[in-house]
Amino acid sequence: MAEPKPVIEFEHVNKIYSNGVVGLKDIELTIMPGEFVVVVGLSGAGKSTLMRAVNRLHDISTGDIRIDGESITKARGKQLLHIRRKIGMIFQNFNLVKRATVLKNVLTGRVGYYPTWKMLFGLFSAEDKQRAYEALQTVELEDKVYTRADQLSGGQQQRVSIARALTQSPRIILADEPIASLDPQTTKRVMDDLRRINQELGITVLINLHNVELALEYGTRIVGIRAGEKVFDGPVADADAATMAQIYTGQEEG
Amino acid sequence: MSFPKRAFPWQKWVMTAVMVLGLIWSAFITDAHIGKFFENFGEFTKIFIDMCHPDWAYTPYVFGPMVETIKMAVIGTLIGSLLAFPYALLVARNIVTNKVVVGLFRFILNIVRTVPDLMLAALFVAVVGIGPVAGVITLAIFTFGMVGKLFYEAVETIDPGPLEAVRAAGAGKLEIIRFAVFPQIANYFVSYVLYAFEINVRASTVLGYLGAGGIGVYLQQALSMFRYDRVGLMVLVIFIVVLAIDYVSGKTREALL
Numbered sequence: 002m003a004e005p006k007p008v009i010e011f012e013h014v015n016k017i018y019s020n021g022v023v024g025l026k027d028i029e030l031t032i033m034p035g036e037f038v039v040v041v042g043l044s045g046a047g048k049s050t051l052m053r054a055v056n057r058l059h060d061i062s063t064g065d066i067r068i069d070g071e072s073i074t075k076a077r078g079k080q081l082l083h084i085r086r087k088i089g090m091i092f093q094n095f096n097l098v099k100r101a102t103v104l105k106n107v108l109t110g111r112v113g114y115y116p117t118w119k120m121l122f123g124l125f126s127a128e129d130k131q132r133a134y135e136a137l138q139t140v141e142l143e144d145k146v147y148t149r150a151d152q153l154s155g156g157q158q159q160r161v162s163i164a165r166a167l168t169q170s171p172r173i174i175l176a177d178e179p180i181a182s183l184d185p186q187t188t189k190r191v192m193d194d195l196r197r198i199n200q201e202l203g204i205t206v207l208i209n210l211h212n213v214e215l216a217l218e219y220g221t222r223i224v225g226i227r228a229g230e231k232v233f234d235g236p237v238a239d240a241d242a243a244t245m246a247q248i249y250t251g252q253e254e255g
Numbered sequence: 044m045s046f047p048k049r050a051f052p053w054q055k056w057v058m059t060a061v062m063v064l065g066l067i068w069s070a071f072i073t074d075a076h077i078g079k080f081f082e083n084f085g086e087f088t089k090i091f092i093d094m095c096h097p098d099w100a101y102t103p104y105v106f107g108p109m110v111e112t113i114k115m116a117v118i119g120t121l122i123g124s125l126l127a128f129p130y131a132l133l134v135a136r137n138i139v140t141n142k143v144v145v146g147l148f149r150f151i152l153n154i155v156r157t158v159p160d161l162m163l164a165a166l167f168v169a170v171v172g173i174g175p176v177a178g179v180i181t182l183a184i185f186t187f188g189m190v191g192k193l194f195y196e197a198v199e200t201i202d203p204g205p206l207e208a209v210r211a212a213g214a215g216k217l218e219i220i221r222f223a224v225f226p227q228i229a230n231y232f233v234s235y236v237l238y239a240f241e242i243n244v245r246a247s248t249v250l251g252y253l254g255a256g257g258i259g260v261y262l263q264q265a266l267s268m269f270r271y272d273r274v275g276l277m278v279l280v281i282f283i284v285v286l287a288i289d290y291v292s293g294k295t296r297e298a299l300l
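Protein chains in written order, with our numbering: chain V, 2 to 255; chain Y, 44 to 300.
It is worth saying that the hints were derived from the structure and are not from the lab. Hints may be right or wrong, so weigh each one.
Said to hold, decoys possible - Quick look at which bits of chain V chain Y covers, simulated, 3 or more residues with Cβ under 8 Å: (1) 91 to 103; (2) 106 to 112.
As the list claims (entries may be wrong) - Simulated crosslink set (SDA-like; lysine to any residue; CA at most 25 Å straight-line): (3) V:Lys105 to Y:Ile122; (4) V:Lys119 to Y:Asn230; (5) V:Lys105 to Y:Lys142; (6) Y:Lys216 to V:Met245; (7) V:Lys105 to Y:Phe232; (8) V:Lys105 to V:Gly123; (9) V:Lys75 to Y:Thr140; (10) V:Lys119 to Y:Leu133; (11) Y:Lys142 to V:Arg77; (12) V:Lys26 to V:Arg222; (13) V:Lys99 to Y:Phe225; (14) V:Lys119 to Y:Lys294; (15) V:Lys119 to Y:Gly215; (16) V:Lys105 to Y:Ala229; (17) V:Lys99 to Y:Lys294; (18) Y:Lys216 to V:Ala238; (19) V:Lys189 to V:Ala238; (20) V:Lys130 to Y:Phe225; (21) V:Lys105 to Y:Phe225; (22) V:Lys119 to Y:Pro129; (23) Y:Lys192 to Y:Ile122; (24) V:Lys99 to Y:Leu299; (25) Y:Lys216 to V:Glu71; (26) V:Lys130 to Y:Gly215; (27) V:Lys75 to V:Gly64; (28) V:Lys105 to V:Gly64; (29) V:Lys119 to Y:Phe225; (30) V:Lys189 to V:Gly123; (31) Y:Lys216 to Y:Leu237; (32) V:Lys130 to Y:Arg221; (33) V:Lys99 to Y:Ile122.
To be verified - Partner residues are not named here, just some residues of chain Y that face chain V (Cβ under 7 Å, in silico): (34) Pro205; (35) Ala208; (36) Val209; (37) Ala214; (38) Leu217; (39) Glu218; (40) Arg221.
Note that the structure is a prediction, hence the values are computed from the model and not measured. Think of the CB as a built atom: it goes at the ideal place given N, C-alpha and C, for glycine as much as any other residue.
Whenever a hint applies, use it, and build me the whole structure from the sequences.
In structure tokens form, the structure reads like this:
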């Protein structure tokens, strides 16, 4: 059997903002298919920048990022859009169109698969509507298909946004602080959904979290970021209290 | 400890004095004395009494021009709004990030907005001749300027989150506009178009005065013939129609927002 190929590769990635602030510093990272990687670190350490570098919502300054072996850094036009559609993303603030129905929101996950003119008329195929419905079934919100997004609770909105990402048929799901604005119960619900997607559908998950307990509970691998630098990378088993403290404070404990 | 004394706001008082003096002075140099209004008050009451006895027999002749006025307003509003929609996206800073493009097209929009509608009407009556076409063109340009500004301001207040989400899904610029921008602003747009229509119905009655079609033409004729009974009738009809349109459009807009 052939050796599995990495799904995300960072090679000497640097990001320097136009105001001189260093976002990412020489990041090397290789993620294999099916991993559940949790990025931890302080606010402003560069976790969100790292996420947005993967699907190039933010451009990097130097280095290369490859998705399934294909460089997204060098991709142009259509090619970039086609790589992006392989990467689903969920956000801290859900980023749903609040005035639109759940179905319309979930279907937007599909836009990358259509020619522009078809999309201007909103012509989604019956097959894709079915796909959207199945994604809603996965997060157990199929009874909300025609509900307006702003009628849902925060936790439900986040699960709709997971369904939107799933409808993309992605290889990877990026989750940028997905539970930061949710209460503990809905947090568990959302994290369980992500774990199920990871284990049952084999979709690679790259998520950044504030909460260390959750990181250790759900992750298979921890990546620690401090001041734009990768300071830890290893399986959850290796991430003991001292290691975590070091990621957050930069000091050895005891 | 004594309560701290506030410094006397010299600047505020000086500015107020300058403005009040300026107002009085401008009244004098423009010869606008309140006395003049009362001097001719007798004439005014005479006309007013005439207008209070509308020439009902003239009613059938008023309907045609009134409908023409409304038609002008509808077509003018429609053309102006349809042009304003793509233009507003072009000058919204959160859609087009190129500062030069935004700056240039905003400058053009501002110029369009500074031209008074009466001047546009006078111009187009001269260009395309007396009739409703001049009125429609005037209203279209007037609407374009007004709705264009209201609309790009609405676009700039939308939530950027959905734009980022749709972009992350692999959407191009037009698809982002279609799925993340449009659903957020569609209601505002309809509301502003109705608002423009309300204004245009009122404006188009006056435009006719310059020969740009509609009831204004008849109003001008009646006035120049001193037929205040007919003027009274037309004012009444305009009043009822404008009131009805404002009411319906106002209720619709309330329901939309």
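Earlier hints that do not hold, by number: 3, 5, 6, 14, 18, 28, 30, 31, 33
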